[in-house]
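S.K.: These are the residues of each chain, in order.
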Amino acid sequence: MGNHKKYWKSEVELSSDNKMISDLRNNEFVDELPVNTLLGNKNNLENSSTNRRDFLKYLGFSTAAATLASCEGPVNRSIPYVVQPERIIPGISNYYATSIADGYDFANVLIKTREGRPIKILNNSKAKVKSSANARVQASVLSMYDSMRLKGPTVNGEATSWDKLNKDVKSELDLMLASNSQVVLLTQTFASPTTSKLIKDFQDKYPNIRHVVYDAISDSKALDAFEIAHGKRALPIYDFSKADVIVSVGADFLGDWQGGGHDTSYVKGRVPLKNKITNEKAKMSKHFQLESNMTISGANADNRISLTPTQQKIALAKIYGHISGNVVSGNLPENIEIQIKNISNSLIKSGSKGLIITGLDDVDAHLLTHKINDLLKSISINANEVSLIKEGNDSEVIELVSDLNSGKVKGIIMCGVNPVYTMPNSDEFISGINKSQLSVCFSMKNDETASISKWAAACPHYFESWGDNEMVSGNFSLTQPTIRPLFDTMQFQDCLLRWMNSENSFYDLIKENWNENILEKKSWNEALHDGFYKSNLNLPLKKINYDFLNAAKNLSSAKSNGLELVLYSKTGMGDGQQSNNPWLQEFPDPITRVSWDNYLTVSKFDAQKIGLKNQNVANGALDSNYANISVSGVNIKVPVIIQPGQARGSVGLAFGYGKTNGIKKEMQVGVNAYRLYHNFNALQNVEITAIDENHEFACVQLHNTLMGRGDIIRETTLEVFNTKKVSDWNPITKVSLNHIETPVNSPEVDLWDEFDRSIGHHFNLSIDLNSCTGCGACVIACHAENNVPVVGKSEVRRSRDMHWLRIDRYYSSDESFDGDNKTKDGINGLSDSLSVFGEMENPSENPQVVFQPVMCQHCNHAPCETVCPVAATSHGRQGQNHMAYNRCIGTRYCANNCPYKVRRFNWFLYNNNDEFDFNMNDDLGKMVLNPDVVVRSRGVMEKCSFCIQSTQAIILNAKKEGRLVEKDEFNDACACSAACSTGAMRFGDINEKESKVSELKESERVYHLLDTVGTKPNVFYHVKIRNTDEV
Amino acid sequence: MSLFALNFLLSLSFSINVSAQEPDIAKGKSLFNSQCASCHKLNRKLVGPALKGVSAKYEKEWLYSWIKNSAAMIKSGDERAVAIYEEYNKVAMNAFPNLSNNDIDNILAYTDYVPPKPTPPPGAAVVQTSASDSTSDIILILLSFVLLVLVILLYLINKTLKSLVAQNTVFADSKSNKKGIPIWKAFVKNQFLVLVSVVSLLLSSAYFAYDYMMQIGVDQGYMPIQPIHYSHKIHAGANQIECQYCHSSAKKSKHSGIPSLNVCMNCHENIADYNGEEDLEKGYTKDFYTNEIKKLYKAVGWDENTQSYTGDTEPVKWVRIHNLPDFVYFNHAQHVTVAGVDCQKCHGPVEEMEILYQHSPLTMGWCINCHRESNIKVKDNEYYTKIHKELSKKYGVKELTAAQMGGLECGKCHY
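For the protein sequence lines, the chains are A and B, in the order given. If you count by the numbering used here, then the first sequence holds residues 45 to 1075, one letter each, in order. If you count by the numbering used here, then the second sequence holds residues 4 to 418, one letter each, in order.
Fair warning: there could be bad hints in the mix.
To be verified - Dumping the calculated DSSO-like pairs for lysine-lysine here, alpha-carbon to alpha-carbon at most 30 Å:
no., chain 1, residue 1, chain 2, residue 2
1, B, K389, A, K1040
2, B, K255, A, K156
3, A, K1040, B, K397
4, A, K1045, B, K396
5, A, K1004, B, K389
6, A, K1037, A, K195
7, B, K396, A, K1040
8, B, K401, A, K1011
9, A, K327, A, K312
10, A, K1045, B, K392
11, B, K348, A, K1004
12, A, K195, B, K320
13, A, K970, B, K255
14, A, K1011, B, K397
15, B, K320, A, K156
16, A, K1011, B, K255
17, A, K170, A, K327
18, A, K1060, B, K396
19, A, K1037, B, K382
20, A, K1037, B, K396
21, A, K778, A, K1037
22, B, K401, A, K1004
23, A, K1004, B, K397
Everything labelled a hint here was simulated from the structure, so no lab data went into it.
Here chain B stands alone, though its shape is the one from the complex:
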């Protein structure tokens, strides 16, 4: 109890001692994020003006009264207040009577805070990296030295062996001269051997040729460069956005649909800068990502300064990754809605892909395999109730596969 009283006293004394009090930037940040961030940004106009260095533009007293009740100031005809009101489409700022002057000071301290220039990387680290580089070099040099020694050793052994043979020359030479026929001639003479080897050569080349041919037109791993570097890793991975939030037609239509740009803008009206993790090695810096967001703004015709659409649009020409030939009919809705197949089953770990690529081969064999292995999702689907009962009885199985439902018939996919 006494502790509580002490605390109270302390805080009281602090609040009295406002002017002397050093504002708390951390508190200011959390207040800014909870109270101001929905309409203001530090460096950029949002609904309201950018707040960086706002205390330099207006004196504190003015700001206190503005923040606590801006409408009243406008009403009273304060010149500067009216000017802001006019500039921002005659939308008055919400009143924040709950904020104390101290709170406001904290917020202003945060908005005024200029982070110290990023200190240059400590020299030790630089040395360290170069050291690590040099260690690998040393290992390489060592290895090559060992190899060189091995080669020399082998050469020497070979030499001694040869000199040994030379000592027994007479014996060896007479032997080889008697035999006479070189091995290739013997091979040519043996017609059976020739036949067998030709056949096996043909067969093996046919095998490899077939193998080569079969991968023509299979674009597994196809990873084209897109006009906008869109990272599924950030959207579906880090931010855990549901696939079908953007690819909404996958559950209704044959196309999964590339989201139209207005879908992007649902979030990106407010997310103009990238603040997530960076991958410096590959050059994916924050600036890089932010720049990609700017590309989106250009395409959709969004003017950041006025926070409005210019109407000047430029549709994005994405490179299509999954290309099925025209003679195949594939329907996303059938697989997503009816069968309940996860997107990842065919598209792979999209949430880990920085650049999207084709995960599956998309060959007919691959399709059919799955149809053979997957069961029909009968639950809660009245369409299947009767036919599943009858067919499973006919085939004597408990659960039907897609193939048994007719999923292997040519005309189901080719028309």
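Chain A extracted, bound-state conformation:
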């Protein structure tokens, strides 16, 4: 029987008549080995100058030589300047005020440069508007040192010179002018007064030029609505701190809604402060959020109602109906109707202190919010200023594509846009470009559009450019270069000037324009120093009458058929301009905590219906199957995340992924959602089917619920906070000592001896959970400041992410965290606890959400320090837990003994390693490294240091100047607290009694993370308070 067994290596072997197989079986070497030619000639062999002994001698010598050579230390070169610029002192940072205006992100920032190279971005807090840098702006410093940048101008993909490009394009333009054929200037929103002037001059010279502004993620409908309501194509400016009731209908205003940056004023109204003298009750605004995707705005809301976009439209119409006294039809579930009524009443009650906003991609919806705010006489809307950072006009862009194809437009010049990637109908656009005679693309990368344009004009990064902008009317900012251009680049505006035969540079033009038209009293140098100038120009909003009832009728008659897709932008990736930025790719999304991907967010209910699954594999990592989504004939295969809080009947997908050109292989992740952005409408109807194929996610938080663990997040309601004793809502934790419940802060339960910390500095970090919106700017700021390596998708999937600072996000498994606590307290016996805890692992369908930034807690009684066998981690007198990397031998005992899991182990050498081809692997990307912080090597533990390099620098400055450290000088020492625009993080010296952090430490809301373990951390949190009061 056994004789019949036949072993085979491949199927082919089984067929006996195969010649190749029989040949191979009989003859191992099919081709004859050239033995004879090598060894056959005896004479040759004997006469050969190298015999075996010689060979061994050479081998021995070269080994010995190599060994000896390796013993010698490297020779380091030091190359000083030939002529050192006056302002540069090696080792001392210089700061420049500038502003970013990349068409999607607009902010006034400070650039920190060292020895002439920019290494960090800070908020320009002196600026009156847009003074906070979000995660993307924080990361934009790395985008300058992007090795995939265009290094010089090209024509048809071949390198060319600027002189030639300018000459050729100009002659082409002159030809076009002579033949009177149309040329289109397709640009991003510049919001730049001087650029606008320049383009106007350019059009005067070339009247055949049409200027079209294109925002990849359009706010065109909001602009249209504002124009109808107030007579100007702009966006309103809101002051959320003035509102008692905030109602957001589908607007992620803490995210990127209308350009973002609303968090500062929002948080001002969200921190309840008791007045101890007058005993007045603490107040905070009440925030209702009606949305379909779970956004960070929804996560921060007091009352979040998940509704599909269609339901949101009806709800908005009904709110209008309630407030205006009109009857508006439309069907909503009964419980929603009640809530809508409640919201409307709250708005009516709050009157001028009410505010409603919408993010629905619908002109009528925007019109209604303007009308409602008008009816309320809302004081939260700035009556004198408007936002100018969005200019894109959908209809003009659509017209352009058809004109290109019909041949009406013969040439196109693009700047700051990538339509081939961002247009839904990019095929049409490509064919249009191919038909055009002239195509010039100003771009930093050889991206999708630049690579098909005839001329790709290499643009400088904004760190290398001059510019000005007016983000908010009357508030002017300047962009100034902070480094000489790294490559052979030229600004779009300078090229326009060349084409106009002007001798001036754009800088001359800006200076002239500012001196003549903008600066009233200030000098140019002063404005350039501040980076910002506020004029006294006011543009009061006009009111125009309009039939708003009709708009309400349109909205209330909205109907959906099937699932509705809501396209959104992720906090990390935005519109996708910076998708080759590894910091942003590795940045975990605040809500889903997934990095390196975009995905379809879908409610649990719909997922079950369609057959979409998420599962955790053996090592805990998250997997999903794929969904095929189809929008008007376009099909996309996309992985799935089952998102708690996602409205049933709706799904979400983020822009900014799926790029293919001008981007490193590692960064080519996700799918391009712009393909579904038909008619530039973020709301689409979709059909979804499941595909049985596995997708691997890199998700950094695998456990989503708090399961009633009150020692991690403490939460209470405004009512309890105002009326109950502290011991009721923020009690001192008790632990059992000899079976007696003893407060955890009493000395007898302590294992350690107390150390006197009253002398010198003692650093503490305060984190207010009420102020933290989860925006993640601190995460990127920490990345930049501390040379934190990027590890890549597969390593993140193995939980080896290196972020020193993470923002944990928890969902409630009940409707609220309070409910969780009650469920947990009600558990009875083992069997009950198993089943109930099992259930508590699942988040609720519309959960409460809370964000908690966690970094090294710098415990005064640190468990990590006691277990280190080599004393590599030890405590400083100033309260910082030190980590001496050169001493660490990598036992990882400390990480195992850390209750907060904040220590990060360097599994690999992340610099100079082709396996990790991110910024630390190329010379250009390394320029961003902070020279004051060591780049850690393989096999050592690392963690947050409380930015000891900055605290030491501040102390040293004081010593050098022979003075005490000034009040609150330590405030911005930590990169995270400096980046925090809402003041949620505050750092300082608690031994300095006047400091803000000392004041915060006295607050009755203070608690420590996991205080039962008795670690006495130097980071303290403030109890989260939600406003559940009736207005």
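Given the coordinates of chain A, work out where chain B should sit on it, guided by the hints.
M.R.: Coordinates of chain B only, in the frame set by chain A:
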């Protein structure tokens, strides 16, 4: 009084007798140095032309009037005067009406003076040096002869002793044959002795191995050859230039800073030749040093002839001597400005170093020792006032060391 009158008369008679008077080169030199040297050199253009042999180019009368009032000559349209004016960027030479013709003659004599060719070293000296060489040779020969005699003597003594032993052969041989066991066998048999010696061997080799290992990466005495032979001995020693004149960022920044070349040119725009002491034995001649200055000119793009920068620069790639590892944070300002530590404390006698080398080991033990021993400089520093008072009270000392201030904490230097 009469003496004074006589002197006066004498000098008068000299001045009258000008043409007959032999010009005084020494006087001319001192006048040249005080009046002309800021703009003129003998062999090289500076602000104005080189003056060597100037009297051959122009007649004396012309030179007198030019020196006394050049502007007037240019105004009057003297061809040669205008030519010079044009050549030197239309900068007129200062007028020197205070100089007499006699003074000018002295100066011209100095500029015309050709020093006699250096006479060949006197033969005696040559002989002397060879003599000194030969004396040392003689001593060596003598010494080796003595040694040879000693060796022979020892050999002879040994031989006589051996023959003495041979006479008593029977006695000696019987003794050694009875004992039998050679010493190494006895040693091997004694296990305790083997153990002790193995342990001590291991310990001592470990000691030496450790000692050897500990000096790996310690580059004390590291003295690389630099692209330009820059002598701290000349600059900081002979010329007493303050360290921080060049290393100015040491008091502000963590880096002491290698001076940029424009700092060098502050002095070297005017110092093109080396005229100081030479060290002929090591080959540090004047020409050698002057050549190094030329290297600087090449790097910074300074054209000596036109006395201007060409803009054609070539940054100098110095070899870094003091290399701290990346994981150590060291700040010069903390030590120089705040603590007031002398540069020499760590860098050694730099002002005596012809070639700079690493004086200190730069090991952590060396750092810490100093932190343990040095006191905080509290005086005039308000930052320390309060904390020093409190801490010294706590530790019961009068003055705090850097270590007691927290200067031994890991995180103060490692981050």
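S.K.: Run every hint past the structure and note whether it holds.
M.R.: A quick look at each hint next to the structure:
1. Taken as a hint, the B:K389 and A:K1040 pair is honoured in the structure, with Cα atoms around 21 Å apart against an allowance of 30 Å.
2. With a CA separation close to 18 Å, the supplied pair B:K255 and A:K156 stays within the 30 Å bound.
3. Among the hinted pairs, A:K1040 with B:K397 is consistent with the structure: their alpha-carbon atoms are about 28 Å apart, no more than 30 Å.
4. Between A:K1045 and B:K396 the CA atoms are separated by roughly 28 Å; this keeps the pair inside 30 Å, and the hint holds.
5. About 16 Å separates the Cα atoms of A:K1004 and B:K389, which keeps this hinted pair within 30 Å; it holds.
6. Between A:K1037 and A:K195, the direct Cα distance comes to roughly 53 Å. Violation of the 30 Å bound is thereby established for this hinted pair.
7. Taking the CA atoms of B:K396 and A:K1040, the gap is near 29 Å; set against the 30 Å cutoff, the hint holds.
8. Restraint check for B:K401 and A:K1011: the C-alpha separation of about 29 Å stays at or below 30 Å, so the hint holds.
9. Simply put, A:K327 and A:K312 have alpha-carbon atoms about 11 Å apart, close enough for the 30 Å limit, and the pair holds.
10. Under the criterion of a C-alpha separation no larger than 30 Å, the hint pairing A:K1045 with B:K392 is consistent with the structure, at around 27 Å.
11. Straight-line distance between C-alpha atoms of B:K348 and A:K1004 comes to about 20 Å, which keeps the hinted pair within the 30 Å bound.
12. Simply put, A:K195 and B:K320 have alpha-carbon atoms about 27 Å apart, close enough for the 30 Å limit, and the pair holds.
13. Simply put, A:K970 and B:K255 have alpha-carbon atoms about 26 Å apart, close enough for the 30 Å limit, and the pair holds.
14. A distance of roughly 25 Å separates the Cα atoms of A:K1011 and B:K397; the hinted pair therefore holds under the 30 Å criterion.
15. About 27 Å separates the Cα atoms of B:K320 and A:K156, which keeps this hinted pair within 30 Å; it holds.
16. For the hint linking A:K1011 to B:K255, the alpha-carbon distance of about 23 Å falls within 30 Å, and the restraint holds.
17. The hinted pair formed by A:K170 and A:K327 meets the criterion: a straight-line CA distance of about 28 Å does not exceed 30 Å.
18. Taking the CA atoms of A:K1060 and B:K396, the gap is about 27 Å. The hint holds against a cut of 30 Å.
19. Taking the CA atoms of A:K1037 and B:K382, the gap is near 25 Å; set against the 30 Å cutoff, the hint holds.
20. For the proposed pair A:K1037 and B:K396, the alpha carbon gap of about 21 Å is at most 30 Å, so the pair holds.
21. With a CA separation close to 29 Å, the supplied pair A:K778 and A:K1037 stays within the 30 Å bound.
22. Only pairs whose Cα atoms come within 30 Å are accepted, and B:K401 paired with A:K1004 is accepted, the gap being roughly 23 Å.
23. Distance hint between A:K1004 and B:K397 is fulfilled; the C-alpha atoms sit about 25 Å from each other, no more than 30 Å.
Checked against the numbered hints listed earlier, the structure breaks hint 6 alone; every other hint is satisfied.
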